[in-house]
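Chains as they are written, first to last, in UniProt numbering: chain A, 1 to 223; chain B, 1 to 223; chain C, 1 to 223; chain D, 1 to 223.
Any given hint might turn out to be false.
Heads up, the list lumps identical chains together, so a pair's fine if it works in one copy or across two of them.
Unchecked claim - With a Cα cut of at most 20 Å, we get these calculated SDA-like pairs of lysine to any residue: (1) Lys169 to Gly48; (2) Lys169 to Trp27; (3) Lys169 to Ala50; (4) Lys172 to Tyr51; (5) Lys172 to Asp52; (6) Lys172 to Asp14; (7) Lys172 to Glu196; (8) Lys172 to Ile5; (9) Lys169 to Tyr210; (10) Lys169 to Arg211; (11) Lys169 to Asp40; (12) Lys172 to Gln202; (13) Lys172 to Asp18.
It is worth saying that the hints were derived from the structure and are not from the lab.
4 protein chains.
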Amino acid sequence: MSSPIDLLRRQVSDLHQDLVRYNLVVWTAGNVSARVPGEDLLVIKPSGVAYDELSPENMILCDLDGNVVEGDHSPSSDTAAHAYVYRHMPEVGGVVHTHSTYACAWAARGEAVPCVLTAMADEFGAEIPVGPFALIGDDSIGRGIVETLRGHRSPAVLMKSHGVFTIGKDAKAAVKAAVMCEDVARTVHISRQLGEPLPIAQDDIDRLNYRYQNVYGQPRAAR
Amino acid sequence: MSSPIDLLRRQVSDLHQDLVRYNLVVWTAGNVSARVPGEDLLVIKPSGVAYDELSPENMILCDLDGNVVEGDHSPSSDTAAHAYVYRHMPEVGGVVHTHSTYACAWAARGEAVPCVLTAMADEFGAEIPVGPFALIGDDSIGRGIVETLRGHRSPAVLMKSHGVFTIGKDAKAAVKAAVMCEDVARTVHISRQLGEPLPIAQDDIDRLNYRYQNVYGQPRAAR
Amino acid sequence: MSSPIDLLRRQVSDLHQDLVRYNLVVWTAGNVSARVPGEDLLVIKPSGVAYDELSPENMILCDLDGNVVEGDHSPSSDTAAHAYVYRHMPEVGGVVHTHSTYACAWAARGEAVPCVLTAMADEFGAEIPVGPFALIGDDSIGRGIVETLRGHRSPAVLMKSHGVFTIGKDAKAAVKAAVMCEDVARTVHISRQLGEPLPIAQDDIDRLNYRYQNVYGQPRAAR
Amino acid sequence: MSSPIDLLRRQVSDLHQDLVRYNLVVWTAGNVSARVPGEDLLVIKPSGVAYDELSPENMILCDLDGNVVEGDHSPSSDTAAHAYVYRHMPEVGGVVHTHSTYACAWAARGEAVPCVLTAMADEFGAEIPVGPFALIGDDSIGRGIVETLRGHRSPAVLMKSHGVFTIGKDAKAAVKAAVMCEDVARTVHISRQLGEPLPIAQDDIDRLNYRYQNVYGQPRAAR
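Excised from the complex, chain A in its bound form:
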């Protein structure tokens, strides 16, 4: 019989395949984590391991300070940022980090993706904001994510000159946000190449977002 942590190991391992399938990552540059519900623990990708070598068994279990609790490899070098988010945003159950191409292209200019598609209004409810430039090695990246996303409708932040972090109620929701972030970053980029996308009125953005977050899809369990 599988424990809740075993199930989470499998889910986190499997979700990395969505990063590959939607072309959000190359080589080993991207990672998914999940909070262990009700415990001060998280499950995350091992560092520097190829996506087709991931398995439930080699996922790393860490505490919320990023220390390894169980696992034979080092955890992702982005573990500190994931852990910071879980410590400071109790509503977050999953975190994803990628260097997906179009999102990084906006991040490299330090420019937010404007909300000019109804699908963006649905998913993000606002522009996708830019977070500060921050070096790896301490809490700077985690703090930048939390300060940007706290109180923001968007579950995605473009960290300046770096890449994307997304959050969700669970790891699957965070992966979905990473997929949609790249999709709209690409579409809006391409639209702007030949002119200026039309704005959507704030009122319409609000209505679309409210409806999507509260009505769309199957009853919660099936989403």
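Assemble the complex: chain A is given as a structure, and chains B, C and D must be docked to it using the hints.
Just chains B, C and D now, kept in the frame of chain A:
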């Protein structure tokens, strides 16, 4: 033995794989429907279900007001728009909706794709037109589609700031229109990035379209 | 035991998979043909049939006027153009037609792809030239191809507002030319988006082309 | 029992699949080689052979002057360049050559890719530099690679009007550099299409590069 509705359930389920294969959709953002010939019914994708979890069994059967007649899930949140098209365009047997990248890039600027490729003259016989900005929730989207496409040669409309709807004599024809719409939206976009595509004379567009719609391909049954 | 024509049917059927694999075609928009060596016959794709439904058996055998000699379907609607090339260029053993994206983007502007990559000098030995605008239905397309490519080093022509035709000593060589044509059309397009690619001296183009056409690769049989 | 050279044949053969998987090559245009540790030998792709026909058995064993020691085919036409690198950079254990699209787009303009992403600071530690225009046939290409990369942090060089060469401590590291080179060349290109990417301070580049080269990932053996 399979009933006509069972066959349609299979066809609609399978055609969603073409949306995936031709990169017209990510996550769950796109849907195919078919009219049940001779009945006031349609078959459509369930809402918020992943493409690799679709099967003939979980397709939803609705009446032409979008009410579920048979099915365990909610129907696509775009069902009202599909149903409106079937109610008002009796010649339409299939409807497709996508947020495909290049088509959406034109839609975000509210700009029609000009007919500057012989393949566009063949398939669309004209520019691909823009429909109004419309919020989900009532008949606005359906009405915008019908008012734009009625009397137009193009089987595709770019709904402003939103995405693509295509129609066809059956679901397969509507899927083909969605595939070709993205293909020409991409090619014309890329062409315009480095200059201005050459116009094709209206007379030539007319001749190409007439020939393609009446001569090309295998006898109708085999298309 | 397989006859030479049976082997050619298999080869032509299989080579269509390369068009799919290298993203040169969508739906049914592209075709490969081969001359039957020593006979006034060609083997070509049936019209309007999906790529994953192609088989040696449903390839169409035509004479060099494009009349069906053997086959249950109509031949490709581009058969007249292929046949014209075989009638007027006896050295050609294979012809390919695609609407590949970047090549069509240049074709839509009526602009040749300049020879600014050593790989282009190798394969094409010159710019990839533009052929005339020509309607389907008579010999205009075939004549445009032949008049543009005769005496030109390039095995590929961009037919204005239409697409690509490539030729080769056999069908595989024509497919390779179609693959490389899209590859260099894309790279040069992308290069020009941010400035002007550096020219390569004519003398260097000549040397590269001579070497590649005469020295590169395995002994002829193994190419 | 497998000899060290047999293992290397397999590794070099397999690594070509990464070139395909990451879309760095079309047809036969790209190659991987590895130095045989402790011997004046290298293993390289045969010339003009398709990627899905590669096997450990048809890899070519050459001396460091590029002469075939063992193998039924001709070695890659780029063997002289690989061999030159091994002769002049004893620390190099693997070399990769591709015509990957975005890297070639910068190479065609003779323009270095500026270091404006933290992932570039990690992997390349600097801009990706441009090497001279050089014709195939003598040591010009090899010399251009070595003169550009010697003393440079970047393991990748954009050879003017030509393509990419990357080096690594082994063939896998060189393949990784080729994958990351195309990835950042693409992201920076796309970023610059709509404005100017923000610079990263030299000091920050230095710190990121030092950390990544010394701390990241699993202990060396597992990388």
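Consistency of the hints with the structure:
no.	hint	verdict
1	Lys169 to Gly48	between (26 Å within a copy, 17 Å between copies)
2	Lys169 to Trp27	between (27 Å within a copy, 17 Å between copies)
3	Lys169 to Ala50	between (26 Å within a copy, 18 Å between copies)
4	Lys172 to Tyr51	both (17 Å within a copy, 15 Å between copies)
5	Lys172 to Asp52	both (19 Å within a copy, 16 Å between copies)
6	Lys172 to Asp14	within (10 Å within a copy, 25 Å between copies)
7	Lys172 to Glu196	neither (33 Å within a copy, 34 Å between copies)
8	Lys172 to Ile5	within (16 Å within a copy, 34 Å between copies)
9	Lys169 to Tyr210	within (17 Å within a copy, 36 Å between copies)
10	Lys169 to Arg211	within (18 Å within a copy, 32 Å between copies)
11	Lys169 to Asp40	within (16 Å within a copy, 40 Å between copies)
12	Lys172 to Gln202	neither (28 Å within a copy, 37 Å between copies)
13	Lys172 to Asp18	within (10 Å within a copy, 24 Å between copies)
The earlier numbered hints that this structure contradicts are 7, 12.
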